[in-house]
Amino acid sequence: MPGPKHSVLKRIMPQLLILAAALALNVLVFPDFFDIDFRNGRLFGSLIDVLNRGAPVAILCIGMTLVIATRGIDLSVGAVMAIAGATSAAVVTDGHGWGTALLAGLCAGALCGLWNGVLVAVLKIQPIVATLVLMVAGRGVAQLITEGKILTFSNEGLIHLGAGTIAGVPTPILIWMALGALVILVVRRTALGMLIESIGINERSSRLAGINSRVLLVCVYLVSGLCAALAGVIVAADIKGADANNAGLWLELDAILAVVIGGNSLLGGRFSILASLLGALIIQSVNSVILLSGMPPEFNLVIKALLILAILVIQSPRITYLMYMLRASGPQPQPDTDPLSNSPKEEAR
Amino acid sequence: MIRSTHLPLLVTLATFILAYALCVYAYPSMLSTRVVANLLTDNAFLGIAAVGMTFVILSGGIDLSIGSVIAFTGVFLAVILRDTSVHPLIAFMLVLTITTAFGAAMGGLIHYLEMPPFIVTLAGMFLARGAAYVLSTESVPITHEFYDVLQGLYWKAPSGGRFRLIGGVMVLTFLVGVLVAHRTRFGQNVYALGGGGQTAKLMGSPIASTTVGIYAISGGLAGLAGIVFSLYTSAGYSLATVGVELDAIAAVVIGGTLLTGGYGYVAGTFFGILIMGLIQTYIVFDGTLSSWWTKIVIGGLLFAFIVLQKGLTWATQARRRAATGFADPS
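Chain order of the listed sequences is A and B.
1 is the number of the first residue of the first sequence in this note's numbering; add one for each residue after it.
1 is the number of the first residue of the second sequence in this note's numbering; add one for each residue after it.
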């Protein structure tokens, strides 16, 4: 919704507060957290690390937010990352330039996105199932491209995408911020965002209202595929090699988690890419707390799981309904506050 | 007459027979009890977990936590047998109680908080895997004489195949699963729930207890699969069985169960498991193909079966529309 500034701020306030809390925890366990040095022509510091390490999930969650807004889900992004990384590495080891390699990776991602989109929009297969096919087969395809090896490369241009800097700032940070700004601009300064939301709320009625939901759905999955491909190339460039088995492993879950933390409903409808990006940063900050505090990294998953559960409980329709009833009956304490007195029974039933 | 709901099951059966015939044609030695016995032994844990997944998918849900629960069970057993002197049987009971309660808790969350099963079980997946990590990040070997006894139990077929205990456990699980799905009230409620939650509610099916029961079964069977997996590998490792939930879902779909719920057979899943095992066996026999071909072939099969299901749904709807003269509301 292109509304006034303060409504955007209001929308992302919970995410900002959680992020602030996560960063405060970071400072607690590591007082120098906010120190940023400029050494050897590059910015160094824990905060920069959070922004840099969060790049793949941030890029993935841009596409994932759009997909989830249409009431869909894209489970294949991790596998697409592996495919795109493998394609780029294969092209670059064949002696082509880094531009060609990046383009080839993005094309591979676009093809994967197109495949998902056609399955969902044209064949009308449930999104979870449709993208599951590529999630299962995708890593096999990536292995096919790398011929079962970890393809390493030493092309400076490609490596620059993942491990280099522009004006002292690590390239991945610039890429995800620019991509996020671009997509937010495109969906919010045009009617596109609203059309996507309308598909998520009710596909049939939006089709009857004249929206070409089929093309739009394919496009949304295409964008998700492209985002995954970009993330895949960055991850491959970062480690100077394409690892078909481990590149992007479980990142689809982190991306979905980022979208959920961003307060976007998995049932589609209104979305905020900015909030999802904050969600990605929250995840990375939590990871960083666990690392910096010297807690065993084993706890990482447990904490993440508890975080999802807490957010789920807050987001659940039942709790939202209860809160609404509490709030509605709060200001005017009239004798017949039926909804409030009924709701505990409703819950117990 | 062949009913259209039976067709996916028949296609699965035909696929299995055809695939086996092709394998035997390429490698005649695959037609031996050894191969069959190994097929059962190697896929025992996956098969047991897939029975639980069949119930979940029949009800229109999904359970992403089973791989993690299997790993947790293995690590839990290994750690408890290493650090205490508890008898394995008591440990088995303990771990089955934990995993069943875990599944029931997820089912409760799904029902009472009206959350999508996908995201609740995703949280469960993180939680179980995390719990396994917390117990131990290293592979813990299991050395208990009772394990050796269990592993030594097998029935040797005349031509040399060894049908081990864990394969038998899987077949038994499938038999019980078939009985529960088709011969009990709970099974009928599961089908009703998959056909449509609202309709099931109006019909008077107990939605709450069925949902909780389904996920409790899935959790409990994942625990049983974990026990079988620990017998199979003699170790507990928190990084083991990553992605097993996807294999189980694939087996269920290849077995002809509709992913939207309501239609399908537990027996179909058995053949789904066997088809997937057969692909792996073929690749082992071939020797030149890499193991990642398994993933591609399974992905392709998954796609083929999903399209088949879609085509059947279309055909049914078209027939219904033609019969009643009304447009289908969906």
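The set of hints was computed from the structure by calculation and includes no laboratory data.
Just so you know, even glycine gets a beta-carbon here, dropped at the ideal spot from N, CA and C.
There's no promise every hint is true.
Some, not all, of what chain A presents toward chain B, calculated at C-beta under 7 Å [as the list claims (entries may be wrong)]:
id	residue
1	Val122
2	Ile125
3	Leu266
4	Lys304
Covered by chain A, according to a simulated footprint, are these stretches of chain B (three or more residues, beta-carbon under 8 Å) [claimed, not checked]:
id	region
5	111–122
6	228–237
7	296–304
(request) Just pull the numbers of the violated hints for me, sorted ascending. (result) Checked against the structure, the hints that fail are numbers 1, 6, while the rest are satisfied.
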